[in-house]
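The whole structure should be built from the sequences, with the hints applied where relevant.
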Amino acid sequence: MSDLTADASHQRLIARLGAELRPVAVLPAPWKRAALWLAAALWFGAFLAIFADVPMLRARLMATPDMGFAELGAVLTAVLAAVAAFQTSVPGRSPHWAWLPAPAVLLWLGASTVGCLRLGPIPGTEPESPMHPAVCAWFLLMVALPMAFLLIAMLVRACPLRPALTASLGGLASAAAAAALLTLIHPFDATAEDLLVHLAAVIAAILATRLMGNRRMGLDPSSRAQ
Amino acid sequence: MRKPPWCTLFAPAAGAVTPVVAGNHHLVPGEAFARARTQHAHDPQPPSPVPPVSTAAAASFSGFRPTLRLWHIGAMTDEAQDRRLAMLMAAAQAGDRESYQAVLRACVPVAAAAARRQGHAPDAVDDVVQEVLLTVHRALATYDPARPFGPWLQSIASRRAVDAWRRHGRAGGREVHDPDAYLAHADSAPDADSQAYAGFRSEALRAAVARLPAGQREAIELIGLGEKSLEEAAVVTGRSKGALKVNFHRAIKALRTLMAPAGDV
Numbered sequence: 284m285s286d287l288t289a290d291a292s293h294q295r296l297i298a299r300l301g302a303e304l305r306p307v308a309v310l311p312a313p314w315k316r317a318a319l320w321l322a323a324a325l326w327f328g329a330f331l332a333i334f335a336d337v338p339m340l341r342a343r344l345m346a347t348p349d350m351g352f353a354e355l356g357a358v359l360t361a362v363l364a365a366v367a368a369f370q371t372s373v374p375g376r377s378p379h380w381a382w383l384p385a386p387a388v389l390l391w392l393g394a395s396t397v398g399c400l401r402l403g404p405i406p407g408t409e410p411e412s413p414m415h416p417a418v419c420a421w422f423l424l425m426v427a428l429p430m431a432f433l434l435i436a437m438l439v440r441a442c443p444l445r446p447a448l449t450a451s452l453g454g455l456a457s458a459a460a461a462a463a464l465l466t467l468i469h470p471f472d473a474t475a476e477d478l479l480v481h482l483a484a485v486i487a488a489i490l491a492t493r494l495m496g497n498r499r500m501g502l503d504p505s506s507r508a509q
Numbered sequence: 010m011r012k013p014p015w016c017t018l019f020a021p022a023a024g025a026v027t028p029v030v031a032g033n034h035h036l037v038p039g040e041a042f043a044r045a046r047t048q049h050a051h052d053p054q055p056p057s058p059v060p061p062v063s064t065a066a067a068a069s070f071s072g073f074r075p076t077l078r079l080w081h082i083g084a085m086t087d088e089a090q091d092r093r094l095a096m097l098m099a100a101a102q103a104g105d106r107e108s109y110q111a112v113l114r115a116c117v118p119v120a121a122a123a124a125r126r127q128g129h130a131p132d133a134v135d136d137v138v139q140e141v142l143l144t145v146h147r148a149l150a151t152y153d154p155a156r157p158f159g160p161w162l163q164s165i166a167s168r169r170a171v172d173a174w175r176r177h178g179r180a181g182g183r184e185v186h187d188p189d190a191y192l193a194h195a196d197s198a199p200d201a202d203s204q205a206y207a208g209f210r211s212e213a214l215r216a217a218v219a220r221l222p223a224g225q226r227e228a229i230e231l232i233g234l235g236e237k238s239l240e241e242a243a244v245v246t247g248r249s250k251g252a253l254k255v256n257f258h259r260a261i262k263a264l265r266t267l268m269a270p271a272g273d274v
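Protein sequences, first through last, are from chains A and B. Take the position in the first sequence, starting the count at 1, then add 283; the result is the number in the numbering used here. Take the position in the second sequence, starting the count at 1, then add 9; the result is the number in the numbering used here.
It cannot be assumed that every hint is accurate.
No more than 20 angstroms apart at the CA atoms, straight line, and that leaves these computed lysine to any residue pairs for SDA-like [unchecked claim]: (1) B:Lys-250 / B:Ala-223; (2) B:Lys-254 / B:Pro-270; (3) A:Lys-315 / B:Lys-254; (4) B:Lys-262 / B:Gly-247; (5) A:Lys-315 / B:Ala-155; (6) A:Lys-315 / B:Pro-154.
Covered by chain A, per the in silico footprint, the following chain B stretches (three or more residues, Cβ under 8 angstroms) [as the list claims (entries may be wrong)]: (7) 113-126; (8) 135-141; (9) 149-159.
Between beta-carbon pairs, the in silico distance windows are [said to hold, decoys possible]: (10) A:Ala-291 / B:His-177: 16 to 26 angstroms; (11) A:Val-307 / B:Arg-126: 28 to 38 angstroms; (12) A:Arg-499 / B:Ala-201: 43 to 53 angstroms.
Since the hints were made in silico from the structure, they are not lab data. Since the model is a prediction, treat every value here as computed from it, not as a measurement. Each residue gets a CB set at the ideal place from its N, CA and C atoms; glycine is no exception.
Below is the structure:
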C-alpha cells in the first residue's frame, strides 16, 4: 500500500470512527471494580455462612494456626488477584501487576502444605468420607466458575491487551475465593490428597477461565468496534 | 532501580493533571492552567478550556520520552502536547467528534512508529495502525483523563504491533511463499491482446453498422444485436416479417463485405 493510499484509508477509518462516536462514561478505577466483584463474592460467603458450623470453624482455626494462615492466604490471593486482573485489563497499566498476588499465593500454598504434614486429625473434627475429595473439587469448580464468569463479564468492559494474562488472574481470584468459601463448609481435616485435589480443581478453574477469557476478550478488535 | 507498579498506587503519576470538570469541558487547575494562559497571552481570544489542536500538530505527536527526544511544536513540549491530548480525549469521551478525530490522527504516527520498532514491513505497518485505531475506539472508556495519555496509547500501539507478529506467525504456518507459482498462475480472464482486439472489432462493427442503409441498420440492430425475434422486430418497426428478413440478410452480406480484410474483398 502506497503512503497516499494508506493515508486515505486511515482518514476514512478515522472519519468512520468519528461518526460512530457516542459519549462514554469513564470506567471506574480498577480497584473499585475489583471491590465490586469482591462484594459479590462476600455476599455469596455470607449466604454460605448461614449453613456453616461457625463454632466448629472457630475451634478448628484456634487449634491449627496453619489453617488460619491458609484461609488468610486464600482470601488475600482472591483480593490481590482480582485487583491485578482489573489492573492488567486497562491499557497503559503495567503487566507487572500480575506479580501482586504472588506473596499471598505462597502463603496460601505454604500454609496448606504445612497442614498436610501434621500427624493426626484436628481435635473435634469429623473423619473424612471416601467421597470427600471429589465433593471438594465439585464445590470448588461450581463456585469458582460462575464467579469467574462474572469477573470476565466485568473485565470485558475494559480492553484487556493481554487477555490470557488477565483471564488467568481472574481464574486465580475466582479459585482462591472458592477455596476460601470452601473452608466455611469444610468439616474435615485437610490431607495431602485433599490438597492435591484442591490444587487440581484450582488449576482447572484457572485454565477454564483463561479459555473463557480468550474467547470473550480475544484479539480481533474490529469485531467489537463500538 | 525500577519501582514496582503498585508503588504508584499511593503517589500521583508523573505528569498527571487532575482535571476539574465544568460542563463537558475539563479545566486544568493550578500551574498547568497558568502556563497554558501564558502561552496564549498574545492571543486575542481568552484561552479555551479545550484548546484546538491543528492537524499538523496532532500528526507531529509521536513520542512520550521527553528525556530522549523533544518535539517542538511552537513552544510546546511533549508534556504539554500530552496534556492537550488528554484534554481532547476527555472531550471525546463526552462525545466531541472533532476532538476525537484529532486524537485519532495523532495516534497514527505513534502506531506506525511502534509497528516499525517491531520490524513490520511497510504494508503491515498500515494494518497495525488500523488495528490501533480500532482498539483506541473500543478502549475509549478505559482512558482516565487524570493520567497521562502517552503511556495509554503507547501500550495499545506496542501490544497491537506484537499481536500482528503473532497473527503473522500463525498465518505463516498455513501460507507458502512461492513467487514463481504466483507469477506462473494462469489468469482466467482474457489477456490484454484479446481484450484490445475484441474492443477493436466491436468499434469496427459499430462503424460498419452505421454505414448501412436505414432499413438494413434497423433490422441488424433489432434482430442481430438486440436479439429480438422477427415478430417482436415487426411490432417495433411496423414492417412485415418478410421485409425485415430480407433487410437482415442484406445487412449481413453488406457487413461481411465492409469488415472483411482488404485482400479478401
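Structure-based check of all given hints:
A C-alpha spacing of about 16 angstroms is found between Lys-250 of chain B and Ala-223 of chain B, which places the hinted pair at or below 20 angstroms, so the restraint holds. A hinted pair counts as satisfied when its Cα atoms are at most 20 angstroms apart, and Lys-254 of chain B with Pro-270 of chain B does not qualify at roughly 26 angstroms. With a C-alpha separation of about 89 angstroms, the suggested pair Lys-315 of chain A and Lys-254 of chain B falls outside the 20 angstroms cut-off, and the hint is violated. At most 20 angstroms may separate the alpha-carbon atoms for a hinted pair to count; Lys-262 of chain B and Gly-247 of chain B exceed this at roughly 23 angstroms.
Restraint check for Lys-315 of chain A and Ala-155 of chain B: the C-alpha separation of about 16 angstroms stays at or below 20 angstroms, so the hint holds. Distance check on the hinted pair: Lys-315 of chain A and Pro-154 of chain B sit about 17 angstroms apart at the alpha-carbon level, within 20 angstroms; holds. Here the region 113-126 of chain B counts 3 residues with a CB under 8 angstroms from a CB of chain A, which clears the bar of 3, and the coverage holds. Residues of the region 135-141 of chain B lying with their CB closer than 8 angstroms to a CB of chain A number 4, which satisfies the three-residue condition for coverage.
Counting residues of the region 149-159 of chain B whose beta-carbon sits less than 8 angstroms from any beta-carbon of chain A gives 7, enough to reach three: the coverage restraint holds. The supplied range of 16 to 26 angstroms is met by Ala-291 of chain A and His-177 of chain B, whose beta-carbon atoms lie about 24 angstroms from each other. In this structure the supplied range 28 to 38 angstroms holds for Val-307 of chain A paired with Arg-126 of chain B, their Cβ-Cβ distance being about 30 angstroms. Taking 43 to 53 angstroms as the suggested C-beta distance range, the pair Arg-499 of chain A and Ala-201 of chain B conforms, at roughly 51 angstroms.
Going down the numbered hints, you'll see the structure goes against 2, 3 and 4, while the others check out.
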